[in-house]
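Asker: Sequence:
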Amino acid sequence: MINDSLSDMLTRLRNGCAVRSATVILPLTRLNQQICQILEKEGYIASFRRTSQRNLLIDLKYNHVIGSTSLGIGNIKPSITNLRRLSKPGARIYTTGKQMPKVFNGIGIIIVSTSQGIMTDREARFRSLGGELLCSIW
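Residue numbers (this note's numbering): 718 to 855.
There's no promise every hint is true.
Pairs of lysine to any residue, SDA-like flavour, derived with a Cα cap of 20 Å [claimed, not checked]:
| no. | residue 1 | residue 2 |
| --- | --- | --- |
| 1 | K778 | I797 |
| 2 | K778 | S796 |
| 3 | K778 | A735 |
| 4 | K815 | E840 |
| 5 | K815 | L846 |
Note that these hints are calculated values from the structure, not bench results.
Let's have the full structure, built from the sequences with the hints guiding it.
Answerer: Structure follows, in structure tokens:
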């Protein structure tokens, strides 16, 4: 049994991108599904779908490096450069809407759990909502 499904999700995505896998299988939880919706909307993953009662299948997204001449595997780069867990089970991190940090001056996103659901840092800042900082993606 997995105690921290968010850390498991981030690790599976990170490992899938590292080996240039086309898809990643995740356990189906409401949190995983909401985060996948955000990642798809923000353009970090190509798509996701429910494969069974217990699994999500995520299609990872890759970009071709500009200026490369050969068509080898070294010329593709994952859309997700890095994933970092911010609030951990032993050390929760909360913030207000005004004090919401930015990732690389707004290039990356932070996924925030607010009273109105899971959303990006931009959306939380726009709605002036604070909450728990779950993870950052760039």
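Asker: Please go over all the hints and tell whether each is borne out by the structure.
Answerer: Now the hints, each set against the structure:
1. Taking the CA atoms of K778 and I797, the gap is near 8 Å; set against the 20 Å cutoff, the hint holds.
2. Among the hinted pairs, K778 with S796 is consistent with the structure: their alpha-carbon atoms are about 6 Å apart, no more than 20 Å.
3. Distance restraint check for K778 and A735: the Cα-Cα separation of roughly 12 Å lies within the 20 Å cut-off, and the hinted pair is therefore satisfied.
4. Among the hinted pairs, K815 with E840 is consistent with the structure: their alpha-carbon atoms are about 12 Å apart, no more than 20 Å.
5. Using a Cα cut-off of 20 Å, the hinted pair K815 and L846 holds, with the two alpha carbons roughly 8 Å apart.
The structure shown violates none of the earlier numbered hints.
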